[in-house]
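Just so we're aligned, residue 1 is where the sequence shown starts under UniProt numbering, counting upward by one.
Any given hint might turn out to be false.
[What the hints assert, rightly or not] Straight line, CA to CA, 16 angstroms or less: simulated EDC-like cross-link-like pairs of lysine to aspartate or glutamate:
no., residue 1, residue 2
1, K171, E155
2, K267, D312
3, K199, E387
4, K64, E402
5, K167, D369
6, K175, E194
7, K107, E76
8, K237, E252
9, K154, D179
10, K335, E348
11, K171, D330
12, K107, E81
13, K167, D120
14, K267, D314
15, K167, D183
16, K175, E132
17, K237, E402
18, K199, D326
19, K199, D334
20, K64, E401
21, K167, D371
22, K154, D183
23, K167, D140
24, K158, E132
25, K167, E368
26, K335, D312
27, K107, E132
28, K267, D309
29, K158, D183
30, K237, E225
31, K199, D330
[Said to hold, decoys possible] Label pairs and their in silico Cβ distance ranges:
no., residue 1, residue 2, range
32, E108, G404, 29 to 39 angstroms
33, Q143, G264, 45 to 55 angstroms
34, R313, A111, 45 to 55 angstroms
35, P332, E402, 27 to 37 angstroms
36, N4, R313, 23 to 33 angstroms
37, G264, E147, 56 to 66 angstroms
38, H306, T339, 32 to 42 angstroms
39, R216, E252, 21 to 31 angstroms
If you're looking for bench data, these hints aren't it; they were derived computationally from the structure.
Idealized CB from N, CA, C, for every residue including glycine.
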Amino acid sequence: MHNNAFIGRQPILNRQQQIIGYELLFRLDQSSVSADFSSDMQAGTNILVNTLSNMGADWLVGSKLAFINVATSMLESNFLELLHPQRVVLEIVESVNATPELLVRTKELRAQGFGIALDDFAYTPQTAPFLEFANYVKLDIQQLGLENVQSLSKELRKFPVLQIAEKVETKDEFKHCLDLGLDCFQGYYFAHPETLSAKVINPAYANILSLLNMLRNNAEIVEIENALKRDVALSFKLLRYINSAGFGLSCEINSFRHAVTILGYQKLYRWLTLLLVTASSDSGTPPALMKTAVTRGRLVELLGQHMLDGTDRDNLFIVGVFSLLDVMLDMPMDKILETLLLPESVTEALLDRSGIYGPFLELAEACEDPDMSDVPRLCEHLQLTPEMLNRAHVQALAWVEELGV
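Hey, can you work out the whole structure from these sequences and the hints?
Rendered as structure tokens:
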């Protein structure tokens with residue numbers, strides 16, 4: 001069957017702000033139907049399962065879980081048996097009533113190994129019976145309001161379920177839900193710049209920024225080596241990334257000089273960008289923010305591979321990885337770019353999503369939006385089919401897992 005659905009994603013984080021899974025979002029190609037297909041779930045079922053089963057096991061991301069919306073028609077069908085139960089959490093949408101037949105079916109699916117989540121949960125006689133079989137309960141904090149979240153959360157503690165706060169859009173909302181004792185959090189609250197107040201660049205990043213500029217200036221290898229030697233942990237991390245499965249080299253790189261010989265400065269620059277975003281692990285940055293930056297880098301690069309190659313591909317990667325630097329460094333993007341020697345085409349994309357690379361970054365960001373409303377337009381503009389986007393998306397997620405970020 002022709003694949004005519006675009007895949008998007010929203011991360012689900014634990015209390016340590018590590019990503020444990022993604023809700024997979026879908027948007028139909030020829031219409032503006034919402035991602036959860038609640039109006040025509042049977043069509044949604046066919047597209048969803050075909051999209052995922054056509055990808056084989058590739059879309060199963062590391063140890064992450066895939067959360068997928070299901071309504072009555074999908075629960076009743078045998079399509080679900082085509083999916084990988086140990087890695088899939090079925091989100092029963094709020095419109096589904098707990099009939100005796102559906103309760104039996106839910107029990108069967110749970111026995112097969114599927115996780116069961118109750119989406120946008122409200123405690124009603126129609127939904128309460130599902131609690132017996134649920135692993136997760138999702139609470140839409142915007143719809144419920146934080147006061148009601150508190151009372152419902154308390155009520156749900158009688159059941160052995162993990163509570164997921166959904167539509168967490170600000171760091172304050174996250175903190176409030178954390179204090180209430182919720183287990184997991186869904187949304188990109190961690191990736192949105194709020195008040196960017198840092199006056200100087202955190203020392204954890206300063207060394208890498210100077211290394212990046214040395215590479216851009218074609219400094220002598222010995223100078224760069226000396227700078228790396230001052231930070232042993234950094235050198236170790238750089239070699240670990242370069243030797244990871246995600247890099248795909250046939251020989252092991254054992255020194256910086258060896259890396260320069262094999263890769264050249266341009267390729268090394270791209271790997272130092274990874275060090276820049278992952279250096280933040282020592283400065284209290286959420287692990288999910290680092291992972292999202294690296295995923296964006298790889299996705300932006302893959303989205304552009306049918307049009308651009310060579311240096312452009314490295315630049316696409318850099319654009320994606322650097323797109324969250326303002327949040328990481330707690331500084332406005334224009335101030336950060338003053339400290340980095342970057343091609344104008346890269347700074348245009350980072351400042352206002354313009355120039356040759358801008359639309360690819362825009363598309364990568366649109367895949368993170370729950371509505372995915374700009375995805376069809378941007379794909380058309382960039383001559384990308386749903387298959388091309390979905391393949392790139394899944395490959396990017398898998399690559400980041402291989403890298404071990």
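Against the structure, the hints come out as follows:
| no. | hint | result |
| --- | --- | --- |
| 1 | K171 <-> E155 | violated, 25 angstroms |
| 2 | K267 <-> D312 | holds, 11 angstroms |
| 3 | K199 <-> E387 | violated, 44 angstroms |
| 4 | K64 <-> E402 | holds, 12 angstroms |
| 5 | K167 <-> D369 | holds, 11 angstroms |
| 6 | K175 <-> E194 | holds, 14 angstroms |
| 7 | K107 <-> E76 | holds, 12 angstroms |
| 8 | K237 <-> E252 | holds, 14 angstroms |
| 9 | K154 <-> D179 | holds, 13 angstroms |
| 10 | K335 <-> E348 | holds, 14 angstroms |
| 11 | K171 <-> D330 | holds, 14 angstroms |
| 12 | K107 <-> E81 | holds, 14 angstroms |
| 13 | K167 <-> D120 | holds, 10 angstroms |
| 14 | K267 <-> D314 | holds, 7 angstroms |
| 15 | K167 <-> D183 | holds, 14 angstroms |
| 16 | K175 <-> E132 | violated, 29 angstroms |
| 17 | K237 <-> E402 | holds, 15 angstroms |
| 18 | K199 <-> D326 | holds, 12 angstroms |
| 19 | K199 <-> D334 | holds, 13 angstroms |
| 20 | K64 <-> E401 | holds, 9 angstroms |
| 21 | K167 <-> D371 | holds, 12 angstroms |
| 22 | K154 <-> D183 | holds, 13 angstroms |
| 23 | K167 <-> D140 | holds, 6 angstroms |
| 24 | K158 <-> E132 | holds, 11 angstroms |
| 25 | K167 <-> E368 | holds, 13 angstroms |
| 26 | K335 <-> D312 | violated, 24 angstroms |
| 27 | K107 <-> E132 | holds, 9 angstroms |
| 28 | K267 <-> D309 | holds, 13 angstroms |
| 29 | K158 <-> D183 | holds, 15 angstroms |
| 30 | K237 <-> E225 | holds, 14 angstroms |
| 31 | K199 <-> D330 | holds, 9 angstroms |
| 32 | E108 <-> G404: 29 to 39 angstroms | holds, 36 angstroms |
| 33 | Q143 <-> G264: 45 to 55 angstroms | holds, 52 angstroms |
| 34 | R313 <-> A111: 45 to 55 angstroms | holds, 46 angstroms |
| 35 | P332 <-> E402: 27 to 37 angstroms | holds, 33 angstroms |
| 36 | N4 <-> R313: 23 to 33 angstroms | holds, 28 angstroms |
| 37 | G264 <-> E147: 56 to 66 angstroms | holds, 58 angstroms |
| 38 | H306 <-> T339: 32 to 42 angstroms | holds, 33 angstroms |
| 39 | R216 <-> E252: 21 to 31 angstroms | holds, 27 angstroms |
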